[in-house]
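Q: As given, the protein sequences belong to chains A and B, one line each in that order. So in this note's numbering, the last spot in the first sequence is 442, and the numbers never skip. So in this note's numbering, the last spot in the second sequence is 126, and the numbers never skip.
Quick caveat, the hints were computed from the structure, so don't treat them as lab data. Some clues are possibly wrong.
[As the list claims (entries may be wrong)] Label-pair restraints from in silico Cβ distances:
| no. | chain 1 | residue 1 | chain 2 | residue 2 | range |
| --- | --- | --- | --- | --- | --- |
| 1 | A | 361 | B | 76 | 24 to 32 Å |
| 2 | A | 370 | B | 78 | 21 to 29 Å |
| 3 | B | 75 | A | 417 | 23 to 31 Å |
| 4 | A | 365 | B | 75 | 50 to 58 Å |
| 5 | B | 119 | A | 306 | 22 to 30 Å |
| 6 | A | 350 | B | 95 | 28 to 36 Å |
| 7 | B | 69 | A | 313 | 40 to 48 Å |
| 8 | A | 284 | B | 95 | 25 to 33 Å |
| 9 | B | 119 | A | 329 | 26 to 34 Å |
| 10 | A | 391 | B | 75 | 51 to 59 Å |
| 11 | B | 82 | A | 371 | 43 to 51 Å |
| 12 | B | 73 | A | 301 | 51 to 59 Å |
[Unchecked claim] Result set (SDA-like, lysine to any residue): computed pairs, CA atoms no more than 25 Å apart in a straight line:
| no. | chain 1 | residue 1 | chain 2 | residue 2 |
| --- | --- | --- | --- | --- |
| 13 | A | 376 | A | 392 |
| 14 | A | 370 | B | 119 |
| 15 | A | 406 | B | 94 |
| 16 | A | 423 | B | 106 |
| 17 | A | 420 | B | 90 |
| 18 | A | 420 | B | 89 |
| 19 | A | 370 | B | 120 |
| 20 | A | 369 | B | 90 |
| 21 | A | 406 | B | 74 |
| 22 | A | 329 | B | 120 |
| 23 | A | 361 | B | 83 |
| 24 | A | 329 | B | 89 |
[What the hints assert, rightly or not] Not everything, but these chain A residues come out facing chain B in the computed CB check (under 7 Å):
| no. | residue |
| --- | --- |
| 25 | 289 |
| 26 | 314 |
| 27 | 315 |
| 28 | 318 |
| 29 | 342 |
| 30 | 359 |
| 31 | 363 |
| 32 | 365 |
| 33 | 372 |
| 34 | 388 |
| 35 | 394 |
| 36 | 399 |
| 37 | 401 |
| 38 | 421 |
| 39 | 424 |
| 40 | 425 |
Note that the coordinates shown come from a computational prediction; the quantities given were computed from them, not determined experimentally. Using N, Cα and C, we set each Cβ at its ideal position, and we do this for glycine too.
Chain by chain, the residues:
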Amino acid sequence: MRHLRTRSAVRLLAALALIAAPIASHAQAGRIELPSFDSLASKATSSVNISLDPSLLMLATQFMGNDPDAAAVKDVVSGIEGIYVRSFQFATDNAYPRSDVDRVRKQIDISGWKKVISIHKSPEDEDVDVCMLRQNNRVEGVVIIATNPRKFTIVNIVGSVDLAKLSKLQGKFGVPDLPLDQKANGS
Amino acid sequence: MTDHDDSKLEQRLREALRPLDPPEQFAERVASAAERARASAGSIPRRGPNAPWILFPWMSRRAGLSAAATVALVMALAGGGTLWHQHAQQIRAREAREQILQALRISSQTLNSALRMTAHPSRSG
């Protein structure tokens, strides 16, 4: 009798694991592995390391308020399951190893990810890549990688995000609304 | 009434009121009954004249006060814990809100930089 109960429990756990595995893999589809770049933080003049999982996103949006700016943010965040940002600025050129960023870039070279924007500027040594992962006509993730000799920024948005709406967020919440023809600073 | 009648009555009264010896072991039975009464009196809780033990008549005054103090302490701790949890949750939410705004700011800026570079490739350098 006891043996039967143990067997049933094992079967139940196995069934739960089978159900949970695809859900977990689906949730992680648009996520890439981002190192924390801790070793660079001491060299950088400014650094940003943000990791927001679904629970934190939900918690934050609950305290967002009801003004139009907050509504715009809530609209963008509504389909997002996670935001991960690494941004480091340095006082001198080539203060960080490009290979660290290239390692992240290699993850989006694999199948599924599509480069929406890919720009390389030789004299300035500036690179910008905007990549998107689509599955079943649904955006599962976005990766933005921007590098120049003094700065690199990597953004990984997991889940469905509307890039047009994200772009329009500039100018809200104290973000300077730069004119379109202003010189890009590589950020 | 004659003297003879009087003496008869007197005799009958004397017979009725004559002292009787107690039954056997009467003293022992009285002593043991007294002992039982004393013992049970010790186990009965003493109640104060104004004690509100209507709901818990079986409870002694001291036990009642201890229980009330314990309940008050538990309620105070639970209330304090809830307030602390709410406060900590609010702090976490505020931090998360700041982080989300910063993350969206950086994402938006970086995306717009890329869009600017594609829109004006010659002027963006």
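Q: Against this structure, judge whether each hint is valid.
A: Hint check results:
| no. | hint | result |
| --- | --- | --- |
| 1 | A:361 x B:76: 24 to 32 Å | violated, 58 Å |
| 2 | A:370 x B:78: 21 to 29 Å | violated, 57 Å |
| 3 | B:75 x A:417: 23 to 31 Å | violated, 50 Å |
| 4 | A:365 x B:75: 50 to 58 Å | holds, 57 Å |
| 5 | B:119 x A:306: 22 to 30 Å | holds, 29 Å |
| 6 | A:350 x B:95: 28 to 36 Å | holds, 33 Å |
| 7 | B:69 x A:313: 40 to 48 Å | holds, 41 Å |
| 8 | A:284 x B:95: 25 to 33 Å | holds, 30 Å |
| 9 | B:119 x A:329: 26 to 34 Å | holds, 28 Å |
| 10 | A:391 x B:75: 51 to 59 Å | holds, 53 Å |
| 11 | B:82 x A:371: 43 to 51 Å | holds, 49 Å |
| 12 | B:73 x A:301: 51 to 59 Å | holds, 52 Å |
| 13 | A:376 x A:392 | violated, 32 Å |
| 14 | A:370 x B:119 | holds, 13 Å |
| 15 | A:406 x B:94 | violated, 30 Å |
| 16 | A:423 x B:106 | holds, 10 Å |
| 17 | A:420 x B:90 | violated, 29 Å |
| 18 | A:420 x B:89 | violated, 32 Å |
| 19 | A:370 x B:120 | holds, 17 Å |
| 20 | A:369 x B:90 | violated, 38 Å |
| 21 | A:406 x B:74 | violated, 56 Å |
| 22 | A:329 x B:120 | violated, 28 Å |
| 23 | A:361 x B:83 | violated, 47 Å |
| 24 | A:329 x B:89 | holds, 23 Å |
| 25 | 289 | violated, 12 Å |
| 26 | 314 | holds, 5 Å |
| 27 | 315 | holds, 4 Å |
| 28 | 318 | holds, 4 Å |
| 29 | 342 | holds, 6 Å |
| 30 | 359 | violated, 14 Å |
| 31 | 363 | violated, 14 Å |
| 32 | 365 | violated, 21 Å |
| 33 | 372 | holds, 5 Å |
| 34 | 388 | violated, 16 Å |
| 35 | 394 | violated, 14 Å |
| 36 | 399 | holds, 5 Å |
| 37 | 401 | holds, 5 Å |
| 38 | 421 | holds, 6 Å |
| 39 | 424 | holds, 4 Å |
| 40 | 425 | holds, 4 Å |
Of the numbered hints stated above, those contradicted by the structure are hints 1, 2, 3, 13, 15, 17, 18, 20, 21, 22, 23, 25, 30, 31, 32, 34 and 35, listed in ascending order.
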